[in-house]
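Peer 1: Top line first, the protein sequences correspond to chains D and F. No gaps in the numbering here: position 42 of the first sequence is 42 in the working numbering, and each next residue is one more. No gaps in the numbering here: position 252 of the second sequence is 337 in the working numbering, and each next residue is one more.
Just so you know, not all the hints are guaranteed correct.
In the DSSO-like style, the derived pairs of lysine-lysine whose C-alpha atoms are separated by at most 27 Å in a straight line are [said to hold, decoys possible]:
| no. | chain 1 | residue 1 | chain 2 | residue 2 |
| --- | --- | --- | --- | --- |
| 1 | D | 65 | F | 323 |
| 2 | F | 213 | F | 662 |
| 3 | F | 322 | D | 65 |
| 4 | D | 44 | F | 91 |
| 5 | F | 323 | D | 44 |
| 6 | F | 213 | D | 42 |
| 7 | D | 72 | F | 409 |
| 8 | F | 239 | D | 60 |
| 9 | D | 76 | F | 322 |
| 10 | F | 501 | F | 480 |
| 11 | F | 239 | D | 65 |
Read the hints as simulated data drawn from the structure, not as lab findings.
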Amino acid sequence: MNIGRVTLNASKIECAGCKTCATNYEADNLQHALARLNGVLKVKVDKVTGKVTIEYDAQKISDSKFTERIEKLGYKVEIESRVEI
Amino acid sequence: MKEHVKGIILVILLGLFALAGALITGTQVAYAREISIVLTLIAVALGYRIYVHGIRSLMHGNVTAQLFATIAIFISVVAGFVLPSASATGTAEAVGYLTASAIVAFIILAGMTLEDYIIHRTRGALEKLINLSPTTARIRRDGAEAEVPIDEVKLGEVVLVKPGDKIPVDGTVISGHSTVNQATITGESIPVEKTVGDRTFAGTFNEQGALEVKVEKIAEDSTLSHLIQLVEEAQEKKAPIQNVADRFTTYFLPIMAVLASSVFAASYFTLGFNVALSRTVTVLLVACPCALAIAVPVAVAATIGNASMNGIIIKGGTHIEKLKDVKLVAFDKTGTLTVGEPKVVEVKTFGNYSDADTIKYAAIAEKFSEHPLSKAILAKATEMNLKIPDPTDFKTIPGHGVDASYGDEHILIGRKMMESELSEEATQLMNRVEGEGKTAIPVALDKHVIGIVVVADTVRKDSLEAIQRLKRLGVKTAMLTGDSVLTAKSIAEQIGIDEYHAELLPEEKVAIIVELKKLNVVAMVGDGVNDAPALANSDVSFAMGAAGSDVAMETADVVLLGDDLTKVEYAISLSRKAFGRMKGNIAYAFVWNIVALSLAAFGILNPVLAVILAEAGCISVVINSALLLLSKPNPLSNIKG
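The whole structure should be built from the sequences, with the hints applied where relevant.
Peer 2: Written as structure tokens, this is what we have:
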């Protein structure tokens, strides 16, 4: 298996500043939506910085699928780094 | 769920340590004061989630309420150590401050955990859909049956579905007969019959028969997959009203910071350091923007989740706001209000001929015709269990009818084929029927008219109720059709629609919608494919019966997966309710903050009361929004405008 790791910056994910919702609602949704894609192994959405880190099976899925899905969910996104591990 | 378990454990631990710390103070145990201080500090430390979040967002340039809470707790802890040495009251005050900070941390953490949980539950509807996605399929490969992961099933393969199984793929039945419960996709709980040639959807439940299904879509492209994606996207799309809340929260926290500093300054010079500190901490703790920030997104998600469980996809918060204002619903006729397939509704016979004779001869003549009316006659023949032999010879005369022979019998079908042979009685009957917007087909055998077959499109069983529901809601209804005025009038009268526009070309439908929009917020309901231009021009477009049609699912603002038109009313009612709740929540959060802040600034609240108030405000708003998930369609008699 060919494992890739991509880090993306998604805009507008930052917490609106609520005291209780440390789990930002939107970040939570994004996390689930990405984790469900076929070939994704691990997803981490940083609620404070809007950074999304995805580990995936490079034979099953490519990172353009991630940007496409994140954009469909209503965020602007850019790829920050991409490595093979 | 792991996250939640962790959260709950933290809350319990924090609570226990804080309690132990508070209890041991003032007891006669040796080192009671020291022990209580250590226990309370551990408790405060267990609230690390709050501080980590607050400090990280500050480093990222955001001022958050978590940061305020962090500062408030930090001030209290420091005060707990610093103040007593300066004053004579000693350790009681130190422990008092420490205990207060532990309790504050406990309440915030408990609130956070509870809110996480409620928000997680709001995802429940989506989660339910996701869990429906089949993981394996039983397929026939190389003559043997095998259970394979769903991702490995290829187009064109044959899937075997046993009674009681979940159907794993979108496809066509190639053998077997059964009933299938499609509630998961269409929201309609009455099972539908499936036999050879019928389509199946992944995630629906096969009941008593076995089926073989040819795969037409791979798992990733199934209707269920699309549905999940659409709901996911819809829940993220903000409602315009959110902008009001967002604008408010942008200014809210900086204003709070200023307010807290002013309170400190004002009370420091009048009431002294100790009071000033306590009031500042209280102000920082009572500020609660979350009610504003979270109330609308949770309401949107709950509404969309609720709708999806009822076979409706509302594609985002914007449409909820539009739906609530809808004053007129325009329906496409054919295929929307009506079934869209002509059916034999009446047979009239003359002389000694029976219904069966009339249908039989008509069917022989029409046997090889592709015309929709021929299909209606052949369907009637099948329904009557008639054996229909092939015609010996036949000729279709477009626009007129059919001239056919069977052995030495001569059959004529259609009014224009036999105008002169029609009796007075037959002519009258045909004029009456056509006046009702139906089609009358006379059948003649050897130039004698033996009967008249009446064919018409039939109204869907839900259409009447759908219109009644909208009327009760105070919403007007209109029908747009390319059909004749007579047909339109007859259908409009049957279901009680307010106005109808007939003989329209597609571009004329658009013009009518534009015209209607001048006076009303207009929703348009159609099949999503043929009437796409009119749909695109309405304020809110509904595509009905869209399960399986990617185009329809993609284009409409609101997708009705099944055929049930009463869902139009539910979508509007639910949106009205949801919007009312969003507005109510924002107003409530606003007032709540102002009242609580005033109380805090004037020293009527202490830090512990402040944080209890703030959390109660937040959580009640979130619960109020999340409860939209449980809303149910009203019975017809309970609908109010």
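Peer 1: State for each hint whether it applies.
Peer 2: Taking the hints in turn, this is what the structure says about them:
1. D:65 / F:323: 23 Å, holds
2. F:213 / F:662: Holds, at roughly 23 Å.
3. F:322 / D:65: Roughly 20 Å between the alpha carbons, so the hint for residue 322 of chain F and residue 65 of chain D holds.
4. D:44 / F:91: Roughly 17 Å separates the two Cα atoms, so the pair holds.
5. F:323 / D:44: Measuring from Cα to Cα gives roughly 23 Å; hence the hint holds.
6. F:213 / D:42: 22 Å, holds
7. D:72 / F:409: 25 Å, holds
8. F:239 / D:60: Holds, at roughly 16 Å.
9. D:76 / F:322: 13 Å, holds
10. F:501 / F:480: Since the Cα atoms of residue 501 of chain F and residue 480 of chain F sit roughly 14 Å apart, the hinted pair holds (cutoff 27 Å).
11. F:239 / D:65: 21 Å, holds
Every hint, counting from the list given before, is met by this structure.
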